[in-house]
Structure formats: C-alpha cells, structure tokens
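S.K.: Here is how the chains run, residue by residue.
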Amino acid sequence: MGRYVIRRLLQMIPVFIGTTFIIFAMVHALGDPVAALFGDKAPDPAVAAQLRQQLGLNDPLIVQYGNYMKGIFTGDLGTTFSGQPVTELLKTAYPTTLKLTVVAFTFEVIIGIGLGVISGMRRGRLADTGVMVMTLIVISIPTFVIGYVLQYLFGVKWGLADATVPEGAPIQSLLLPGFVLASVSLAYVARLTRTTIAENSKADYVRTAVAKGLPRRRVITHHLLRNSLIPVITFLGTDLGALMGGALVTERIFNIHGVGYYLYQGILRQNTPTVVGFVTVLVIVFLLANLLVDLLYAVLDPRIRYA
Amino acid sequence: MGIHATEVTADAGRGRTADSEDAPLLQVKNLQVEFRTRDGVAKAVNGVNYSVRAGETLAILGESGSGKSVSSQAVMGILDSPPGFVTGGEIVFKGEDLLKLSSEKRRKIRGTQMAMIFQDALSSLNPVHTVGTQLGEMFRVHRGTSKSEAKKKAVELMERVGIPAAKERVNQYPHQFSGGMRQRIMIAMALALEPDLIIADEPTTALDVTVQAQVMELLADLQAEYNMGLILITHDLGVVADVADKIAVMYAGRIVETAPVHELYKRPAHPYTRGLLDSIPRLDQKGQELYAIKGLPPNLLRIPSGCAFNPRCPMAQEICRTEIPPLHAVTEADGAPIQGRGSACHFWKETIHG
Ligand SMILES: Nc1ncnc2c1ncn2[C@@H]1O[C@H](COP(=O)(O)OP(=O)(O)OP(=O)(O)O)[C@@H](O)[C@H]1O
Ligand code: SF4
Ligand SMILES: [Mg+2]
Numbered sequence: 001m002g003r004y005v006i007r008r009l010l011q012m013i014p015v016f017i018g019t020t021f022i023i024f025a026m027v028h029a030l031g032d033p034v035a036a037l038f039g040d041k042a043p044d045p046a047v048a049a050q051l052r053q054q055l056g057l058n059d060p061l062i063v064q065y066g067n068y069m070k071g072i073f074t075g076d077l078g079t080t081f082s083g084q085p086v087t088e089l090l091k092t093a094y095p096t097t098l099k100l101t102v103v104a105f106t107f108e109v110i111i112g113i114g115l116g117v118i119s120g121m122r123r124g125r126l127a128d129t130g131v132m133v134m135t136l137i138v139i140s141i142p143t144f145v146i147g148y149v150l151q152y153l154f155g156v157k158w159g160l161a162d163a164t165v166p167e168g169a170p171i172q173s174l175l176l177p178g179f180v181l182a183s184v185s186l187a188y189v190a191r192l193t194r195t196t197i198a199e200n201s202k203a204d205y206v207r208t209a210v211a212k213g214l215p216r217r218r219v220i221t222h223h224l225l226r227n228s229l230i231p232v233i234t235f236l237g238t239d240l241g242a243l244m245g246g247a248l249v250t251e252r253i254f255n256i257h258g259v260g261y262y263l264y265q266g267i268l269r270q271n272t273p274t275v276v277g278f279v280t281v282l283v284i285v286f287l288l289a290n291l292l293v294d295l296l297y298a299v300l301d302p303r304i305r306y307a
Numbered sequence: 001m002g003i004h005a006t007e008v009t010a011d012a013g014r015g016r017t018a019d020s021e022d023a024p025l026l027q028v029k030n031l032q033v034e035f036r037t038r039d040g041v042a043k044a045v046n047g048v049n050y051s052v053r054a055g056e057t058l059a060i061l062g063e064s065g066s067g068k069s070v071s072s073q074a075v076m077g078i079l080d081s082p083p084g085f086v087t088g089g090e091i092v093f094k095g096e097d098l099l100k101l102s103s104e105k106r107r108k109i110r111g112t113q114m115a116m117i118f119q120d121a122l123s124s125l126n127p128v129h130t131v132g133t134q135l136g137e138m139f140r141v142h143r144g145t146s147k148s149e150a151k152k153k154a155v156e157l158m159e160r161v162g163i164p165a166a167k168e169r170v171n172q173y174p175h176q177f178s179g180g181m182r183q184r185i186m187i188a189m190a191l192a193l194e195p196d197l198i199i200a201d202e203p204t205t206a207l208d209v210t211v212q213a214q215v216m217e218l219l220a221d222l223q224a225e226y227n228m229g230l231i232l233i234t235h236d237l238g239v240v241a242d243v244a245d246k247i248a249v250m251y252a253g254r255i256v257e258t259a260p261v262h263e264l265y266k267r268p269a270h271p272y273t274r275g276l277l278d279s280i281p282r283l284d285q286k287g288q289e290l291y292a293i294k295g296l297p298p299n300l301l302r303i304p305s306g307c308a309f310n311p312r313c314p315m316a317q318e319i320c321r322t323e324i325p326p327l328h329a330v331t332e333a334d335g336a337p338i339q340g341r342g343s344a345c346h347f348w349k350e351t352i353h354g
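Each protein sequence line maps, in turn, to chains S and E. The first sequence begins at 1 in the working numbering and counts up by one. The second sequence begins at 1 in the working numbering and counts up by one.
Incorrect hints may have been included.
[Claimed, not checked] Computed spacing ranges between beta-carbons, pair by pair:
(1) E:G179 <-> S:I72: 30 to 36 Å
(2) E:D39 <-> S:G2: 21 to 27 Å
(3) S:R8 <-> E:Q176: 22 to 28 Å
(4) E:T37 <-> S:G2: 49 to 55 Å
(5) S:L295 <-> E:Q214: 35 to 41 Å
[What the hints assert, rightly or not] Derived list of chain S stretches under chain E, where covered just means 3 residues or more per stretch with a C-beta under 8 Å from a C-beta of chain E:
(6) 138 to 144
(7) 177 to 190
[To be verified] Straight line, CA to CA, 27 Å or less: simulated DSS-like cross-link-like pairs of lysine-lysine:
(8) S:K202 <-> E:K100
(9) E:K153 <-> E:K167
(10) E:K266 <-> E:K153
(11) S:K70 <-> S:K157
(12) E:K105 <-> E:K167
(13) E:K266 <-> S:K202
(14) E:K29 <-> E:K153
(15) E:K108 <-> S:K202
(16) E:K152 <-> E:K167
Treat the hints as calculated values from the structure; they're not laboratory data. No residue lacks a Cβ here, since even glycine has one placed at the ideal position from N, Cα and C.
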C-alpha cells in the first residue's frame with residue numbers, strides 16, 4: 001500500500017504540470033491583460049509597453065510558465081496585476097469556500113444517501129417514484145436557476161434565510177447556498193445509491209444474510225448498505241473537488257467572497273496570476289481528493305489489492 | 001390455479017408415500033408458490049408434498065427451472081417477495097405450520113433450527129467481511145455471544161469442517177479461499193448453531209469433480225453426527241446415489257416421482273425419471289449414444305394442460321393432454337405395496353413393469 005501511495009503521488013506530477021500549463025495557456029489566449037487592465041479606455045502605448053515589460057508579458061509563454069512554476073515551489077504564487085500577493089487572496093477566499101463546501105457536502109451525504117436508501121428499499125412505490133422525479137427535475141434544471149429561485153423564495157419572499165451572505169460567512173447563512181451547491185450532486189448521489197441498493201438487494205450474500213436469520217435491520221446495515229456504499233463513496237470523493245470548483249455559480253448568486261468570486265473577477269480582468277493561482281490550488285485539492293478515494297476504496301473493498 | 005394442485009394433494013397427502021408413524025421433522029403439504037411478474041404469473045411450485053425425518057436425506061431432483069430452489073426457499077422463508085408468493089399449502093416443521101408464524105418467529109428459526117447451503121459460495125458469502133466475522137455473526141446475533149468468544153467459535157467451526165490453519169485464516173476474506181474451502185465455510189456457517197434441518201441447494205455444482213466428493217462426504221458425515229434432516233437439491237443423479245435415502249423428482253413445480261434411492265435407479269416409475277436416468281453416462285454402456293430427453297422444460301407462464309410432461313413424453317396418450325395424473329401409489333405387479341413409492345403418471349404400471 002505504501003508503494004502504491006508513492007506511485008500515485010509521483011503520477012500526480014505530470015497531471016499537475018499538464019493542467020496548470022493548459023490553464024496558463026488558455027488564460028493567455030483570452031487576450032491582452034494590459035488592455036483589460038485599462039477597461040474601456042485605450043491605454044497609452046508607452047505605458048502599456050512598460051507594464052508588459054514589468055509583468056514579463058513579453059517573454060515567450062513557456063518562459064513565463066517556467067518562471068511561474070519556479071515561484072510556486074517557493075510558496076510564491078505571484079502578485080495580481082494590482083499588486084496584491086495571490087497567496088493573500090487565497091487566504092481570504094479558501095476558508096469561505098471550504099466552509100461552503102463542507103455544508104454542501106454534508107447535505108449531499110445525508111440527504112443524497114438517505115433518499116437513495118429510501119427509494120432503493122421501496123422500489124416502485126410512491127416514495128421511490130417521488131425521489132426519482134424530484135432528482136430528475138433537479139438534474140435537468142441549471143444550478144443558477146435553482147439558486148435564484150430558492151434565494152427568492154427563502155431569502156426574499158419568506159425571509160427564512162439570508163438572501164446574501166454577509167462578510168465573514170457565518171455557517172447559518174451558508175445553509176441555503178450550501179444546499180443549492182449540493183443540489184445536483186445530491187440528486188446524482190440519491191440515484192446512484194438507489195441503483196446500487198437495488199442491485200445488491202438481489203445479491204446472493206444478502207440472501208445468505210436473510211437465511212442466517214439476521215434481523216432485517218442488520219441485513220440492511222451490515223450487509224446491504226456496507227457493500228452498496230462503495231461506489232457511492234467513490235463518487236462522493238471525486239465530487240468533493242468538483243464542489244469546490246463548482247462553487248463559482250453559487251458564490252456569485254449569494255455574493256459569497258470565496259474562490260469562485262475571485263476566480264470570476266480574475267477571469268473578467270484577465271488577471272493571469274490570480275486565475276492560475278486559484279486553479280492550481282483547485283487542481284491540487286482535486287488530485288488529493290482522488291487519491292484519498294482510491295485509498296478508501298481499498299479499505300472498503302478487501303478484494304482490491306494494490307500492487 | 002386450484003384445480004390441478006388440489007387434486008394432486010388429495011392423493012399424495014394420503015398416499016402411502018407419506019410417513020405415517022412418528023411425526024417427521026418437516027412436512028411440506030400441497031405447497032404452492034407463484035411469481036407475479038410483468039409477463040404474467042409464473043407458477044413455480046404447484047402442490048408439492050414431501051417429508052424429511054431427523055437423520056434422513058431427501059434428494060430433490062429435476063431439470064433447471066423445475067422449482068427445486070423456489071420450494072426450498074419457501075420452506076426457509078427467504079422467498080424473493082415480491083414477486084414470489086406462497087399461495088397455498090402448509091410447511092409443518094416440528095409440529096408447527098411455519099406459514100402461520102409471524103415473520104419475527106420465522107426469522108428466529110432460520111439459522112438456529114434450519115439452515116441453508118447455497119450453490120455458489122463465492123457470491124453467497126459477503127465479500128467485504130472476513131469469514132470469521134460471518135461465521136461469528138451466527139453466535140453474536142442468535143446467542144448474544146461476545147466478539148472474542150464468537151471468533152473462537154468460528155475457529156472451532158472452521159477446524160470442524162477441515163480447514164487447515166483455521167486460526168490464521170479466520171481473518172481472511174472469502175476471495176482468499178479456494179472454491180472447496182469456501183463451500184466448507186458455507187457448511188460451517190449452516191452448521192454453526194446445530195440446526196435440525198439443513199437444506200443444501202446444489203452444494204457441489206460449482207466445484208471441481210475431485211472436490212465435489214470431499215464436500216459431499218463432509219456434509220454426509222456431519223449430518224450423521226448431528227442426526228440432522230438433510231434436503232439435498234441437485235440435478236446430478238450421480239451425486240445423490242451414495243448419500244440420499246429417498247428421492248423426489250420434480251417437474252414443472254410438481255413432484256412427479258418419489259422413491260427410496262435404489263428403487264428409483266433400479267426401476268423408475270415415471271417416463272421423465274427414466275429419461276433422466278438414461279441421460280447419464282454409464283460405464284457398462286460405453287460407446288453407446290447418450291440419450292437426451294427431447295424438447296425443453298415448460299414455460300411456467302403456460303404450463304401444458306394435463307400432464308405437464310406430455311409434449312416431451314415418448315409414452316404420451318390422449319388422456320395425458322387432458323387429465324393431470326395424480327401421484328399414484330406404486331405397487332408391485334401383483335399389487336403388493338412398495339414402501340415410499342409414488343408416480344404421477346397415468347401409465348406408471350407400464351413404465352415400471354414394462
Ligand atoms: N425471483 C424470481 N422472479 C421471478 N421468477 C422466478 C424467481 N425465482 C424463480 N423464478 C421462477 O421459478 C422457476 C423455478 O425456479 P427454481 O430456481 O426453483 O428452479 P430450480 O429447479 O432450482 O432450477 P436450477 O436447477 O436452475 O436451480 C424459474 O423457472 C423461474 O421462472
Ligand atoms: S402421464 Fe402421460 S405424458 Fe405424463 S408422464 Fe405419464 S405417460 Fe407421459
Ligand atoms: Mg436452483
């Protein structure tokens with residue numbers, strides 16, 4: 001297992017370099033950041049040229065990328081074009097997003113798995129049909145529509161929750177955004193859980209458990225659920241990274257100053273260091289989450305042996 | 001569904017095939033099971049009668065789909081329901097009709113008083129728990145044993161069924177065992193609480209031929225040792241010859257012939273049984289072409305009228321298409337009774353006595 005972890009960590013290096021380079025190149029392809037800096041006004045050509053020189057924008061892309069990577073390994077993610085260190089921004093943005101992700105993830109796990117179990121155990125009955133229809137609706141409606149509708153209903157019309165998240169982002173104000181962020185994943189988790197439960201409830205070992213005279217409760221928890229949740233946990237793990245990235249839309253709707261907010265600003269202003277810095281951290285989170293899932297998988301399913 | 005089922009029962013229940021003196025351990029009377037599926041109602045078991053005594057082995061024989069597993073699942077109370085439903089009959093176990101008990105009472109009987117061994121031990125054991133946990137679970141749940149005590153019992157059981165290095169292997173997972181060893185673990189699990197009845201559903205079908213004999217022998221030994229009743233389900237006539245006391249042959253959810261094991265081999269009283277016997281390779285008929293029963297088992301959604309076997313039967317007459325043959329008590333040519341023999345064939349006399 002130890003060797004497997006090391007191999008996986010090594011494998012992450014090329015993935016890391018590849019993704020960051022692609023992001024770097026894509027942000028560059030968006031256009032001239034110096035022009036964007038001046039907004040609608042045309043910049044004075046001399047000033048613009050000087051700025052380009054200063055920011056190293058005249059170097060070939062690969063050189064710029066090399067310089068950037070050098071910085072990363074010394075903990076320096078560069079400075080934004082407005083002079084703020086990117087690490088500073090990260091420090092303000094990430095805790096907020098992390099909080100939002102944790103809230104969303106909790107919803108996803110509890111409600112998603114809960115609904116999935118209920119509907120998987122009562123296949124074809126009313127509860128099952130209800131869950132299936134509801135999740136299908138959630139999946140087919142874009143997140144921002146769900147977000148704005150719930151914001152309006154809960155935040156504005158009924159006044160049950162904050163319509164926007166205040167500075168500092170206290171947990172209770174993140175419940176509604178967290179639910180919105182979780183909604184689509186939650187629907188997928190419910191459906192996936194339902195499918196694996198339905199499949200596994202026909203499995204021979206479940207029949208054995210019944211034949212052993214185990215109480216129904218124990219058959220479900222120790223045998224049926226224990227096995228059915230393996231693929232669900234895999235999905236949850238990969239989704240953890242996606243949630244963080246996907247917070248972009250939700251953060252905009254509820255005016256949360258998290259990763260999504262800064263990333264959006266960065267893209268608007270073509271602020272390469274911000275964008276690349278934030279995405280780099282997202283990539284790292286994503287890769288680590290994946291590694292964690294794979295390791296968890298081996299713990300949950302003893303048939304899997306890592307060589 | 002009623003008409004044919006009741007007719008058979010009326011005869012078989014009172015027939016000389018049933019044991020009359022001391023009450024048997026298990027008595028299945030006119031059992032009927034159907035599956036309500038989207039395509040219609042599949043009548044998987046249509047009035048089955050049999051009995052098993054302590055220490056006795058009943059082999060249930062028949063082609064795939066004849067209802068062997070379903071009838072025994074109904075006895076265990078583990079029918080996949082829905083879609084499966086017991087629609088009639090009685091399952092009298094130690095004097096009590098199981099079908100009248102609450103589901104909680106039935107659960108407590110499972111594992112403690114009757115246990116089941118399944119065909120495919122790999123899929124029938126839970127892949128994510130160690131064999132020790134799964135064996136120990138029997139003691140933990142039914143006897144409230146402590147974890148460490150349960151593990152000790154698990155090791156003892158594994159030793160009892162001949163698994164070497166049981167102490168170390170008790171912490172391994174099912175996939176780490178060979179097929180034969182896994183089936184031994186299944187047997188150990190069934191045996192754990194020393195039940196009175198064991199139902200083994202094709203316990204050796206998934207195993208290598210060499211291992212088959214060992215596992216069968218183990219099962220027979222344990223059965224003798226604990227004086228358990230054993231229902232052995234199989235479609236392998238070779239397996240049953242040595243271990244069974246009596247045989248029930250099933251066709252389309254019905255028992256078409258019952259007989260003490262050697263009687264059946266010597267002179268079958270039902271054309272279907274004869275077909276089965278003729279289709280096993282025999283040393284003394286080497287080189288001859290193997291016989292096979294023509295046609296396919298019936299579709300349970302549309303069981304043929306009359307004798308269900310009539311489309312495939314070489315002896316079928318007009319009456320076979322219209323009238324369901326009851327389970328006749330089979331006698332010698334001179335009318336002398338034969339203990340425990342019955343045949344559901346209009347022409348059983350012609351079949352057995354030529
Ligand atoms: N879960 C189920 N749903 C619907 N029909 C079923 C189900 N289980 C069994 N059946 C029906 O019951 C019939 C009898 O099945 P059963 O498993 O008893 O056959 P068997 O005699 O044990 O055959 P085999 O030798 O293949 O194990 C099948 O042909 C099938 O039509
Ligand atoms: S009753 Fe008729 S069809 Fe059925 S087995 Fe006997 S002879 Fe064949
Ligand atoms: Mg079967």
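S.K.: List in ascending order the numbers of the hints, as given earlier, that are violated by the structure.
M.R.: Result: hints 1, 2, 6, 7, 10, 11, 12, 13, 14 break, sorted rising.
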